[in-house]
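**Q** Here is how the chains run, residue by residue.
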Amino acid sequence: DTGVSQNPRHKITKRGQNVTFRCDPISEHNRLYWYRQTLGQGPEFLTYFQNEAQLEKSRLLSDRFSAERPKGSFSTLEIQRTEQGDSAMYLCASSLPGTTSEAFFGQGTRLTVV
Amino acid sequence: RKEVEQDPGPFNVPEGATVAFNCTYSNSASQSFFWYRQDCRKEPKLLMSVYSSGNEDGRFTAQLNRASQYISLLIRDSKLSDSATYLCVVPPVVDKLIFGTGTRLQVFP
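First to last, the protein sequences are chains P and B.
No gaps in the numbering here: position 87 of the first sequence is 356 in this note's numbering, and each next residue is one more.
No gaps in the numbering here: position 67 of the second sequence is 568 in this note's numbering, and each next residue is one more.
Please keep in mind that the hints were generated in silico from the structure rather than gathered at the bench.
Bear in mind the structure is a predicted one, so any value in this text is a computation, not a measurement.
Hints are supplied without guarantee of correctness; some may be wrong.
Covered, in the sense of this in silico footprint (three residues per stretch, anywhere, with C-beta under 8 Å from a C-beta of chain B), are these stretches of chain P [said to hold, decoys possible]:
1. 297–305
2. 356–365
Only part of the chain P face toward chain B is listed, based on derived beta-carbon distances under 10 Å [said to hold, decoys possible]:
3. Gln310
4. Gly311
5. Glu313
6. Phe314
7. Gln319
8. Ala322
9. Gln323
10. Leu324
11. Glu325
12. Glu371
13. Ala372
14. Phe373
15. Phe374
16. Gly375
17. Gln376
18. Gly377
The C-beta atom is built at its ideal place from N, Cα and C for all residues, glycine as well.
Could you build all of it, start to finish, from the sequences and the hints given here?
**A** Put into structure tokens, the structure is as follows:
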């Protein structure tokens with residue numbers, strides 16, 4: 270499968286625990302995005318990378334959230350001290366750079382904080 | 502004001518109907534525009550890009566109005582399979598993809 274891969278697909282965690290999600294983009298894509306989506310809402314921008322460089326992190330994102338892309342390939346999103354409000358679908362997407370490039374999404378990781 | 506705004510709907514239309522959605526954006530510097538489609542419990546997928554001159558792909562027509570800062574999507578001859586959420590994407594800077602809240606379309610027989 271040469272699409273965007275996200276792991277795990279589902280994660281249930283207790284409030285206060287740390288969680289880490291992984292995203293493997295399409296191999297030649299150097300742009301990588303993280304979004305959060307809740308029911309009835311569009312994907313909310315969290316952060317994005319050009320290769321290993323994190324270009325921007327949403328101001329809505331608290332310090333409990335951190336993302337890395339150490340070698341410019343896969344990326345991880347970590348949430349520390351999870352809260353019930355963190356429950357959502359976390360989507361990763363990748364693309365080639367350019368104004369008209371299509372972003373391809375993974376199937377997401379559904380996080381439930383209990 | 503949100504960067505990208507859409508009427509959440511739902512729009513409930515019969516098969517064969519024509520339906521149109523609008524999406525307004527706040528950043529006048531945006532240069533590229535897209536419509537994505539998201540089926541229930543699935544990931545978003547690109548439907549079409551929106552060019553300055555407007556573009557058409559079969560039953561789908563996308564248009565851009567820079568003066569009023571909105572883009573539109575027109576679907577003609579609606580099919581049951583068109584039922585989905587339609588997301589507009591307006592990057593405020595190149596490659597920073599900002600999604601609207603989405604407009605839900607339900608086509609009924």
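**Q** Now look at each hint and say whether the structure bears it out.
**A** Each hint tested on the structure:
no.	hint	in the structure
1	297–305	holds (count 3)
2	356–365	holds (count 3)
3	Gln310	6 Å, holds
4	Gly311	4 Å, holds
5	Glu313	8 Å, holds
6	Phe314	6 Å, holds
7	Gln319	8 Å, holds
8	Ala322	12 Å, violated
9	Gln323	12 Å, violated
10	Leu324	8 Å, holds
11	Glu325	7 Å, holds
12	Glu371	4 Å, holds
13	Ala372	6 Å, holds
14	Phe373	8 Å, holds
15	Phe374	4 Å, holds
16	Gly375	7 Å, holds
17	Gln376	6 Å, holds
18	Gly377	6 Å, holds
In summary, the numbered hints that this structure violates are 8 and 9.
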